[in-house]
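Visitor: So you can see what is in the structure, the chains are spelled out below.
There are 2 protein chains.
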Amino acid sequence: MAFSVEDKLRIARRLDDLGFDYVEGGWPGSNPKDMAFFERARALPWQHARIAAFGSTRRASTRAQDDPNLRVLIDAGTPTVTIFGKSWDLHVRCGLRTSLEENLAMIGESVAHLRAAGREVIYDAEHFFDGLKAHRDYALATLRTAQAAGAGCLVLCDTNGGSLPAEIQEGVRLVLREIGGPVGIHAHNDGDLAVANTLAAVGAGCVHAQGTINGYGERSGNANLCSVVPGLRLKMGLRALAPEALARFTETSRLVAELANMAPNDYQPYVGANAFAHKGGVHASAVMIDPVMYEHIAPDLVGNGRRVVVSDLSGRATLLHKAGEIGLRLDRSRPEVQAALDDLKRLEQEGYQFEGAEASFELLLRRAVMGHEPGFEIKAFHIAVDHAADECTSRAIVRVSVHGQEAGSSAEGNGPVHALDRALRAALERFHPELARVRLVDYKVRVLDADAATAARVRVLITSTDGHRHWGTVGVSENVVLASAIALASSLEYALLVTAPRPAGL
Amino acid sequence: MAFSVEDKLRIARRLDDLGFDYVEGGWPGSNPKDMAFFERARALPWQHARIAAFGSTRRASTRAQDDPNLRVLIDAGTPTVTIFGKSWDLHVRCGLRTSLEENLAMIGESVAHLRAAGREVIYDAEHFFDGLKAHRDYALATLRTAQAAGAGCLVLCDTNGGSLPAEIQEGVRLVLREIGGPVGIHAHNDGDLAVANTLAAVGAGCVHAQGTINGYGERSGNANLCSVVPGLRLKMGLRALAPEALARFTETSRLVAELANMAPNDYQPYVGANAFAHKGGVHASAVMIDPVMYEHIAPDLVGNGRRVVVSDLSGRATLLHKAGEIGLRLDRSRPEVQAALDDLKRLEQEGYQFEGAEASFELLLRRAVMGHEPGFEIKAFHIAVDHAADECTSRAIVRVSVHGQEAGSSAEGNGPVHALDRALRAALERFHPELARVRLVDYKVRVLDADAATAARVRVLITSTDGHRHWGTVGVSENVVLASAIALASSLEYALLVTAPRPAGL
Numbered sequence: 004m005a006f007s008v009e010d011k012l013r014i015a016r017r018l019d020d021l022g023f024d025y026v027e028g029g030w031p032g033s034n035p036k037d038m039a040f041f042e043r044a045r046a047l048p049w050q051h052a053r054i055a056a057f058g059s060t061r062r063a064s065t066r067a068q069d070d071p072n073l074r075v076l077i078d079a080g081t082p083t084v085t086i087f088g089k090s091w092d093l094h095v096r097c098g099l100r101t102s103l104e105e106n107l108a109m110i111g112e113s114v115a116h117l118r119a120a121g122r123e124v125i126y127d128a129e130h131f132f133d134g135l136k137a138h139r140d141y142a143l144a145t146l147r148t149a150q151a152a153g154a155g156c157l158v159l160c161d162t163n164g165g166s167l168p169a170e171i172q173e174g175v176r177l178v179l180r181e182i183g184g185p186v187g188i189h190a191h192n193d194g195d196l197a198v199a200n201t202l203a204a205v206g207a208g209c210v211h212a213q214g215t216i217n218g219y220g221e222r223s224g225n226a227n228l229c230s231v232v233p234g235l236r237l238k239m240g241l242r243a244l245a246p247e248a249l250a251r252f253t254e255t256s257r258l259v260a261e262l263a264n265m266a267p268n269d270y271q272p273y274v275g276a277n278a279f280a281h282k283g284g285v286h287a288s289a290v291m292i293d294p295v296m297y298e299h300i301a302p303d304l305v306g307n308g309r310r311v312v313v314s315d316l317s318g319r320a321t322l323l324h325k326a327g328e329i330g331l332r333l334d335r336s337r338p339e340v341q342a343a344l345d346d347l348k349r350l351e352q353e354g355y356q357f358e359g360a361e362a363s364f365e366l367l368l369r370r371a372v373m374g375h376e377p378g379f380e381i382k383a384f385h386i387a388v389d390h391a392a393d394e395c396t397s398r399a400i401v402r403v404s405v406h407g408q409e410a411g412s413s414a415e416g417n418g419p420v421h422a423l424d425r426a427l428r429a430a431l432e433r434f435h436p437e438l439a440r441v442r443l444v445d446y447k448v449r450v451l452d453a454d455a456a457t458a459a460r461v462r463v464l465i466t467s468t469d470g471h472r473h474w475g476t477v478g479v480s481e482n483v484v485l486a487s488a489i490a491l492a493s494s495l496e497y498a499l500l501v502t503a504p505r506p507a508g509l
Numbered sequence: 004m005a006f007s008v009e010d011k012l013r014i015a016r017r018l019d020d021l022g023f024d025y026v027e028g029g030w031p032g033s034n035p036k037d038m039a040f041f042e043r044a045r046a047l048p049w050q051h052a053r054i055a056a057f058g059s060t061r062r063a064s065t066r067a068q069d070d071p072n073l074r075v076l077i078d079a080g081t082p083t084v085t086i087f088g089k090s091w092d093l094h095v096r097c098g099l100r101t102s103l104e105e106n107l108a109m110i111g112e113s114v115a116h117l118r119a120a121g122r123e124v125i126y127d128a129e130h131f132f133d134g135l136k137a138h139r140d141y142a143l144a145t146l147r148t149a150q151a152a153g154a155g156c157l158v159l160c161d162t163n164g165g166s167l168p169a170e171i172q173e174g175v176r177l178v179l180r181e182i183g184g185p186v187g188i189h190a191h192n193d194g195d196l197a198v199a200n201t202l203a204a205v206g207a208g209c210v211h212a213q214g215t216i217n218g219y220g221e222r223s224g225n226a227n228l229c230s231v232v233p234g235l236r237l238k239m240g241l242r243a244l245a246p247e248a249l250a251r252f253t254e255t256s257r258l259v260a261e262l263a264n265m266a267p268n269d270y271q272p273y274v275g276a277n278a279f280a281h282k283g284g285v286h287a288s289a290v291m292i293d294p295v296m297y298e299h300i301a302p303d304l305v306g307n308g309r310r311v312v313v314s315d316l317s318g319r320a321t322l323l324h325k326a327g328e329i330g331l332r333l334d335r336s337r338p339e340v341q342a343a344l345d346d347l348k349r350l351e352q353e354g355y356q357f358e359g360a361e362a363s364f365e366l367l368l369r370r371a372v373m374g375h376e377p378g379f380e381i382k383a384f385h386i387a388v389d390h391a392a393d394e395c396t397s398r399a400i401v402r403v404s405v406h407g408q409e410a411g412s413s414a415e416g417n418g419p420v421h422a423l424d425r426a427l428r429a430a431l432e433r434f435h436p437e438l439a440r441v442r443l444v445d446y447k448v449r450v451l452d453a454d455a456a457t458a459a460r461v462r463v464l465i466t467s468t469d470g471h472r473h474w475g476t477v478g479v480s481e482n483v484v485l486a487s488a489i490a491l492a493s494s495l496e497y498a499l500l501v502t503a504p505r506p507a508g509l
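Chains as they are written, first to last, in my numbering: chain A, 4 to 509; chain R, 4 to 509.
What the hints contain is simulated information worked out from the structure, not anything from laboratory work.
Treat the hints loosely; a few may be bogus.
All copies of an identical chain are treated as equivalent in the list; a pair is satisfied when it fits inside any one copy or across any two copies.
As the list claims (entries may be wrong) - Quick list of in silico lysine to aspartate or glutamate cross-link-like pairs, EDC-like style, CA-CA up to 16 Å:
id: 1; residue 1: K136; residue 2: E170
id: 2; residue 1: K382; residue 2: E112
id: 3; residue 1: K348; residue 2: E394
id: 4; residue 1: K238; residue 2: E298
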């Protein structure tokens, strides 16, 4: 996961907007990009969040004031510093290769040094729960040392992510009893339990929970804040961010996925595209009658929406519902509805799917039911890719027919699809100048039967915008260029439909 | 998720091999494919698993012996039948639109009818935990009815997936106290807690847990058995499958992902490609010294492996370790090692990643460190895609140079990449007939900066085989054809390397 400084600032600002108390911005000692973030962050007005720099205690056998890691943490100029120290005797002996006493000194002196520099210190007790099992008294001693030196919060870390909720609760209660709070939790998802462990820790008395948006993090990830916060607020009834902030979680999840250049996880609880998706027939009709019967929360609480998935299991009722969603009121008994259903089934068999390609679905409905005619037709295209002597050029020639008139154009591009896109627009813009406003904002390729290797069918999904609205279109073919051409043509066809005045009655 | 009958049988056989007690094979009343599965399953020898058909109680106001759903469940000919009934009064009144008494009769008569037909009956109490909150006595009454009619196991379902582990435990304990067992759990992941809820239920006394491989299921999925079983066995110390079965979980997760045509989730706990991945530098060195310090379980317990991720954070130590993994012993002080590191950084900046493309990584190392020369060079290629009148043809012409000799060939294909693949092999096979054995088995395209739309860079990952081993190669370009050509050429170059006799000393 590599974010630019600009992306990190954008995410930090969003977290601040939402009302998170802390934003940890990176390890200023590890690379120049993280230091650049803190420099930029110092100049910005933060509404709510305190920016924290992250690092470790001083090295063994150095003085805190001479330690380069602690120096960069102070240089970061944040109000808060998070430092981690070792709680597990095994790590002290075999990882740090120092004595248990020296490790305590490293913790105490580092916290005290940062406090003396005016910083709030959050102390992350690395491998705390493993340490507790291995050498309970020593693990507790490390916490006592951090607390005595002035740490503001003791964060119990399940660094290897293997603890069970009951073990977490027991550990938190022990610390609160023996040492006192405030205590926090930092969970990893190696046992598929990071969210449960975080909720369990808060249930046992933690007042601080660390995590990441979408659970992004090493191995199987960190506690996913997109699940933790709704769990705390909607399930446990605790005050954790305002309802208006929660309502921006779906959008925030997608923003961070986009900046991280990760495909959004459609199956993600609460905020995923499928989290409130209902498939076909009886079930979908029941949801429309009384959503509480089939939904654990109202999707708008987290800014998500209900979706009825159009699939080969779906019947007439679902199709009519989808048509209603896009403003087409159809009479269920019309034979054209059956024709649309037949089209849909055939296309799905070929590998089409219309989730994320609602514009293609609407065009299909309009063609089948309302006799919609496309505003143009691609009569032919020719694409050439030439590679020699480290140069690679791509050219496309396209011939279109617009209301009986033919026109052609050609263009070069970075690759065959880019060239085709440019040639197609060039050919159409003289008839439809409004298409100049249309831009593609997303292009995805999915190989459908990967084991057919280069002969496999591919599905291309395109998202376009005219500056106001976004729409998705889809194309499927064994030929990636043809699949792209189908999705591109549908995108421009849809653009003509929505930018043109709509016929009366719709 | 649409499996063919053949795929379902393959998964069922695997689950049987692993020692699962039950395999639920589908709803025979819902579609002919599911009935075909049961017909085929009847003829097969099952070592351990009992095959279960899934369906609902009889409809309201019919007699059990006349109910078509119950009839197909019996016709499925399985030793076990799972039927679900309503526990939540809201669903009885607003979903089924019948009386609370009639719902009890539906449950009791359906179970009794199936028992009379000689079937073991697993009773799924749909929405049990929601029902318990809404109308406790009624929810319990539905279970009592199923038990009295002869249900072998009462499965408490968190159908909407919104319950917390503490609520699940309380519900399970209540049922065990008031009604008795055996009791099972069926959890959904809408609150990101399906695994925790399943483990909590077993901790509270459930002896039967339902779930799916990889958690595949509607909305945010079901309880993921790839996490539940290791949790039960490795964390809770319970007997749930044999250690040898657990060691096949990673392979099973990938098999089911492949048959479901879903991209494997690399971040999946226990079995994901990243579950035991360690990134660069200090951390990776520490893992090599003592894995228990950084791993919650030994990866081979679930058939997974440790991976040191090659990335721009990685240093010399990691590179040397990776080189060692592929049998190259390098001297760390050689300047060529720095050259290889520099190449790696530059390529990663361009969007390359070598996870899944170990062959490309090995070629890079061999070129930088050992002066490896490729067995051929692509001098030029020309690709043409022509589309007109619903026909689309793709042709490629390739010119290669092999040890100073030039040769050319051309081929048609389903798409530009397929044509290029065929032309390249045709040009090379006269020099290297051993390449005839090489097949591509997987082809993946990932758009790297999707918001650059059709001008985006793409990364192509190819997996090839010679019938014995598999290897992965990668190519990155703004041009999907060129990215594919790079990955293809590397795949064939690697094939020549591994099929040729190796130089002495390696």
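Visitor: If a hint holds in the structure, say so; if it doesn't, say that too.
Guide: Here's how the hints hold up against the structure:
Only within a single protomer do K136 and E170 lie at most 16 Å apart by alpha-carbon distance; the minimum there is 10 Å, versus 28 Å between protomers. Taking identical chains as interchangeable, the C-alpha atoms of K382 and E112 are never at most 16 Å apart, the minima being 76 Å within one chain and 64 Å between chains. Neither within a single protomer nor between protomers do K348 and E394 lie at most 16 Å apart by alpha-carbon distance, with minima of 44 Å and 23 Å respectively. Taking CA atoms no more than 16 Å apart as the test, K238 paired with E298 passes inside one copy only; the shortest distance there is 13 Å, against 31 Å between copies.
In summary, the numbered hints that this structure violates are 2, 3.
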